[in-house]
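Keeping their order, the protein sequence lines are chains A and B. Sequential numbering from 1 applies to the first sequence in our numbering. Sequential numbering from 161 applies to the second sequence in our numbering.
For the record, the hints were derived by calculation from the structure and aren't laboratory data. Fair warning: this is a prediction, and the values are worked out from it, not measured in the lab. Every residue, glycine too, gets a C-beta built ideally from N, C-alpha and C. Please note: incorrect hints may appear among the correct ones.
Said to hold, decoys possible - Derived CB-CB ranges, DEER-like:
id, chain 1, residue 1, chain 2, residue 2, range
1, A, 38, B, 418, 31 to 41 angstroms
2, B, 373, A, 98, 46 to 56 angstroms
3, B, 222, A, 47, 51 to 61 angstroms
To be verified - Chain A stretches covered by chain B per the calculated footprint, using a threshold of three residues with CB under 8 angstroms from any CB of chain B:
id, stretch
4, 22-32
5, 44-50
Claimed, not checked - A few chain B residues that face chain A, going by a derived Cβ cut-off under 7 angstroms, partial list only:
id, residue
6, 479
7, 481
8, 486
9, 488
10, 489
11, 493
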Amino acid sequence: MKLSFVETMRGWLTLEDHGTHPLSFHLRAEGDLSGNFSVRGLIALPPLASEAMLSGTLQIAPFRRSISYALDFVADDGRSLCLVAAKHPSIFAPLQGMTEMPVELHGPGAAVLGRGTMRFALADLPEFGASFLWRGTEAERRLEADRTRLERRRLIGASA
Amino acid sequence: MSARNAAIARGGRLSPAPRVVSPLACRTEGRAGHVESYFFRANDPRAPRALWVKATILAPLASPPVAEAWFIWFDATEPAGKTLAKRETVPFSSAHFGLDGIVVGPLELELGRQIGVRGAIEHQGRRLRLALRAERAVGQASRPLSLYPISGLESGPFPRSKLLTPEPQLIVSGEIEVDGATLALSDWTGMLGHNWGEEHAAEYAWGQCIFPPERDQPSAMVEGFTGKVKVLGRSTPWISALVVRRGEEELRFDRLIDLWRQQAELSAETWQLALVGPGGEARLEMSARERPLVCLGYKNPDGHLSYCFNTKLAEVHLAVQPRRGPAFELYSPHGGALEFLRPAPVAGMEVL
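For reference, chain A alone in the conformation it holds in the complex (with noise of 0.2 angstroms):
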């Protein structure tokens, strides 16, 4: 049985050198009921990424408690990065276990480029309910639409 959802995170990120930044993903996923899934999607983390594409896996994995994120994205400055988070539920904080979600920033080598914390807004929900009932629901209509104005863009500046 084939499963999807989209989803939008926000949150701030400390990169070890720079100070801290808003950090936000806005991301289809497309899996099964093995909790395997892929996602691509849009990321911004200024001032390293603006706005990049996304593409990379989530696992959800209930007997461990974890919904693990890898995203991968190129940086405005052309260096490979992924984020890597993980939520992990819990029956005594459920809310939070859900919500909230700390993430890394890895550059080339793995190295921890960053740290910080993601939440996903209680506002969002119904939009996120909707997403896994159907397809072309607004939330996917908007991320479809910004990832066709950031491919255009990118084909203008590269042809420029």
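Let chain A serve as the given structure and place chain B on it in line with the hints.
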């Protein structure tokens, strides 16, 4: 059909049409116990220099009203940059405050369709002459800005001091002559603000910055405040609001009463603000460290002085997590207007 026309058609009773007041309209109404200020600033986006002029009204409780013209030239360029500040006071009856423009002593502000600033002063052997014109930025960015979440706060009794920005984003050109050297302005960023009230606010930090367009990013503007107001004779905790305009988008962080979503830190030269609001989440840092700072004495109608510490060359960092769309950051090395109003002066600092 509008509600008003529908009411007429039904033959029903009609309440008076709401009075639309121009954001530039003078609110003094000739009464004692009033302060009012129109202020214009222009910043060189390429160098640390800026102009700030003000036309103010002070209507004391126990003496005739006066109007004041303030000229402040901030210059931190090397090697010769030097700040120049002067105030001239004239009887209110000799000044003109109208929707067409303002004249106070040597200062002329042309309002209306076109905005212009003219004036000349001499002070301690130095000379400043202005002949500027300003155009509104294209699109939504230039519409009047209020930091209040509801329009009733601009006209009602609370807060006692009001704040509006009729022209939040201007493109300024013309000439500034400082000590005989003429500077031709091209695409300087500017704004025109308007404050009024029964007295100056108890204590506040206020800031504004315009970020010119960069690469494929649109121009942007941020304006906000953190202040204390008096309610039943007591000061409130810090209350903050912030508005960010970027391209055609406006993000508001202006709930005012949700103090648990507001974090403000003020020091002698810095202002840090973190807010959560309908627009998402925003963090602003403005700093006047190592920037020219002037201190203006603002007289209240009851005679006591408030002290305004101001630079127009503040360093600005803004980070925003919009409710919709990607996170973004904006930075200006010297484009910020940063003002602190405090109840006491700083020892050794000249008060204008």
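Hint-by-hint comparison with the structure:
1. As the Cβ distance of residue 38 of chain A to residue 418 of chain B is approximately 39 angstroms, the hint placing it in 31 to 41 angstroms holds.
2. Roughly 40 angstroms separates the CB atoms of residue 373 of chain B and residue 98 of chain A, a value that falls outside the hinted 46 to 56 angstroms.
3. The hint said 51 to 61 angstroms for the Cβ distance between residue 222 of chain B and residue 47 of chain A, and at roughly 55 angstroms that hint holds.
4. Against chain B, the stretch 22-32 of chain A contributes 4 residues with a C-beta closer than 8 angstroms to a partner C-beta. That satisfies the three-residue criterion, and the hint holds.
5. Counting residues of the stretch 44-50 of chain A whose beta carbon lies closer than 8 angstroms to any beta carbon of chain B gives 5, which meets the minimum of three for the stated coverage.
6. Satisfaction of the interface hint for residue 479 of chain B is found here, the shortest Cβ-Cβ separation to chain A being roughly 5 angstroms, below the 7 angstroms cut-off.
7. This hint holds: residue 481 of chain B has a C-beta 5 angstroms from the nearest C-beta of chain A, less than the 7 angstroms allowed.
8. Against a cut-off of 7 angstroms between C-beta atoms, the interface hint on residue 486 of chain B holds, since the closest Cβ of chain A lies about 3 angstroms away.
9. The beta carbon of residue 488 of chain B comes within 6 angstroms of a beta carbon in chain A, closer than 7 angstroms, and the hint placing it at the interface holds.
10. Taken as an interface hint, residue 489 of chain B checks out: its beta carbon lies about 4 angstroms from the nearest beta carbon of chain A, inside 7 angstroms.
11. For residue 493 of chain B, the shortest C-beta to C-beta distance to chain A is roughly 14 angstroms, which exceeds 7 angstroms, and the interface hint is violated.
The structure is inconsistent with the numbered hints 2 and 11, although it conforms to all the rest.
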